[in-house]
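According to our numbering, the sequence shown is numbered sequentially starting from 154.
Errors might be hidden in some of the hints.
[Claimed, not checked] Here are the in silico distance ranges between beta carbons for each label pair:
1. PRO195 / ILE161: 49 to 57 Å
2. VAL181 / LEU159: 26 to 34 Å
3. LEU159 / ASN184: 52 to 60 Å
4. ILE161 / ASN184: 31 to 39 Å
5. THR192 / ILE161: 43 to 51 Å
6. ASN184 / SER155: 55 to 63 Å
7. LEU175 / PRO195: 35 to 43 Å
8. LEU185 / LEU162: 31 to 39 Å
9. THR157 / LYS179: 26 to 34 Å
10. ALA160 / VAL181: 27 to 35 Å
11. GLN204 / VAL172: 28 to 36 Å
What the hints contain is simulated information worked out from the structure, not anything from laboratory work. Idealized CB from N, CA, C, for every residue including glycine.
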Amino acid sequence: MSYTALAILFILAVVVPLVWVLIFLKAVIHNLGDSTLVTKLPAEVEKEKEQDV
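Model the full structure from these sequences, guided by the hints.
See below:
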């Protein structure tokens with residue numbers, strides 16, 4: 154095999170999947186930091202927390 158073919162196979166087998174993983178992780182981290190969607194606890198849970206304290 155020539156070095157060119159090996160380089161292409163290396164890029165396809167290693168670099169491309171790593172890029173996809175990094176893109177996925179970036180999206181996950183971005184969603185974790187999104188504070189615009191804050192859900193309130195139900196009233197029952199809030200009452201239980203007040204009683205525990």
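Here is how each hint holds up against the structure:
1. PRO195 / ILE161: 49 to 57 Å: 56 Å, holds
2. VAL181 / LEU159: 26 to 34 Å: Cβ of VAL181 to Cβ of LEU159: about 33 Å, so the range 26 to 34 Å holds.
3. LEU159 / ASN184: 52 to 60 Å: With Cβ atoms ~38 Å apart, the hint is violated.
4. ILE161 / ASN184: 31 to 39 Å: About 34 Å separates the Cβ atoms of ILE161 and ASN184, which means 31 to 39 Å holds.
5. THR192 / ILE161: 43 to 51 Å: About 48 Å separates the Cβ atoms of THR192 and ILE161, which means 43 to 51 Å holds.
6. ASN184 / SER155: 55 to 63 Å: Violated - the Cβ-Cβ distance for ASN184 and SER155, about 43 Å, lies outside 55 to 63 Å.
7. LEU175 / PRO195: 35 to 43 Å: 38 Å, holds
8. LEU185 / LEU162: 31 to 39 Å: 35 Å, holds
9. THR157 / LYS179: 26 to 34 Å: 31 Å, holds
10. ALA160 / VAL181: 27 to 35 Å: 31 Å Cβ-Cβ, so the 27 to 35 Å window holds.
11. GLN204 / VAL172: 28 to 36 Å: 51 Å, violated
In summary, the numbered hints that this structure violates are 3, 6 and 11.
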